[in-house]
Amino acid sequence: GAVVSQHPSWVICKSGTSVKIECRSLDFQATTMFWYRQFPKQSLMLMATSNEGSKATYEQGVEKDKFLINHASLTLSTLTVTSAHPEDSSFYICSARESPGPYTFGSGTRLTVV
Amino acid sequence: GQSLEQPSEVTAVEGAIVQINCTYQTSGFYGLSWYQQHDGGAPTFLSYNGLDGLEETGRFSSFLSRSDSYGYLLLQELQMKDSASYFCAVRDLSNQGGKLIFGQGTELSVKP
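For the record, the sequence lines run as chains D and R. Per our numbering, the first sequence starts with residue 58, numbered consecutively. Per our numbering, the second sequence starts with residue 1171, numbered consecutively.
These aren't lab readings, by the way, just hints derived from the structure by calculation. Please note that a few of the clues may not be correct.
Negatives, chain D to chain R, calculated, CB over 12 Å [claimed, not checked]:
#, residue
1, E120
2, D122
3, T135
4, T139
5, P143
Computed, partial: chain R to chain D, Cβ under 7 Å [said to hold, decoys possible]:
#, residue
6, A1212
7, F1215
8, S1237
9, Y1240
10, L1270
These numbers come from a predicted model, not from an experiment. The beta-carbon is built from N, C-alpha and C at its ideal position, and this holds for glycine as well.
This is chain R alone, in the form it adopts within the complex (with noise of 0.2 Å):
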């Protein structure tokens, strides 16, 4: 099966940066995404990392290291709208589609 682990929750001042970690058990490892949730709403994906090293996207960047089975999730420059859930996720393959299996996210509070 899968399991992942990352902080139940992150407080930060505007402007500041962020690091939310994931580490990951998994059987077969197909990548590690990001989504960010606010409340009442639907996931968005944030940043995908499939092999080891960095990869930025605007303010947010992710990190993987599949020896350590870890990856993290940056958010730097934060502003209020940034205040989300954030989950990490690990690709399932063992049926037909494969299917997306989510950490228990990371509440991140801005303040100002």
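Chain D extracted, bound-state conformation (with noise of 0.2 Å):
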């Protein structure tokens, strides 16, 4: 089946800098991509949907400066995280779709923002 794979799995970082996230999709194209933010004990929060050459759509609420992403190519998207608080630190997960089978999902980057 398909398989999204997510780098890191972890990071912890300093206030105030950037960390990137990466998603791949292994095995087929996306040419949508979709990241999702986790806390503890909550639901999976739709951030943004990645748009393969083309900006990405954000969901009301999500600071489009703050949550850079990019998807440059048809089986890569990355959030980037930039001037990352505390606030910040959470589960963050990738999702794509090979039509017309289920969403599949990365493995998930925990951010520790310190």
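Dock the two chains into a complex; use the hints.
Written as structure tokens, this is what we have:
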């Protein structure tokens, strides 16, 4: 089945620095990928839809200048958390779908900002 | 917009059967999916219902009634490893490629 790879699996960074998270579709092409954020004991909240070759579509309330998304190829989307602060500490998960199959998720990235 | 409601937690014993309900409100309906997520892990796909009725996959079954905007996930012969969070989700096709919107999740605890 479709496989989505996400790196790194965890990262610790200092407040004010930027962190890049990669999401790759390993055996299929994904014109669209999705980025979610999940706080402990809560649901997955969609942050943005990443579109290959065009701008990402952000959900209401998500700062596009803070969460930069780049989808430069059909198999890679990146999420950069800029000027990270402790409140950005969370579990970030990407997803893609190889139609007509289900949505497949990456293994997630646990970000801790200190 | 889309909204889904499911119980926040359910407890059951090993070997038992448990049902997790999900009601939804959507502008357009394109199927109800179920995902399992263990602590610290990625959500994994369990089941999908596009039409009314029951879908069975091993110990897991999922049911949908579109007229009632309601579905459920049925887990049989519960095992300790089934302790996890379970999410129902619907597709929103308002943007290209669609997006998956999740319910708040049901934390299932399986006791010995």
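We went through each hint and held it up to the structure:
Distance check on D:E120: its Cβ is at least 19 Å (rounded) from any Cβ of chain R, clearing the 12 Å threshold; non-interface status holds. Remark: the non-interface label on D:D122 is consistent with the geometry, its nearest Cβ contact in chain R lying 20 Å away (cut-off 12 Å). With a least CB separation of 17 Å from chain R, D:T135 remains clear of the 12 Å interface cut-off, as annotated. Residue-level check passed: D:T139 sits 23 Å from the nearest beta carbon of chain R, beyond 12 Å.
Non-interface call for D:P143 relative to chain R: holds, since the shortest CB-CB distance, roughly 20 Å, exceeds 12 Å. Below 7 Å, beta-carbon pairs count as interface contacts, and R:A1212 has one with chain D at about 4 Å; its hint therefore holds. Of the supplied interface hints, the one on R:F1215 holds, with its beta-carbon coming within about 4 Å of a beta-carbon of chain D, less than 7 Å. Interface restraint check for R:S1237: the shortest CB-CB distance to chain D comes to about 24 Å, outside 7 Å, so the restraint is violated.
Because the beta carbon of R:Y1240 sits about 19 Å from the nearest beta carbon in chain D, more than 7 Å, this interface hint is broken. Using the Cβ-Cβ criterion of 7 Å, the hint placing R:L1270 at the interface with chain D is satisfied: the shortest such distance is roughly 5 Å.
Checked against the numbered hints given earlier, this structure breaks hints 8 and 9; the rest are met.
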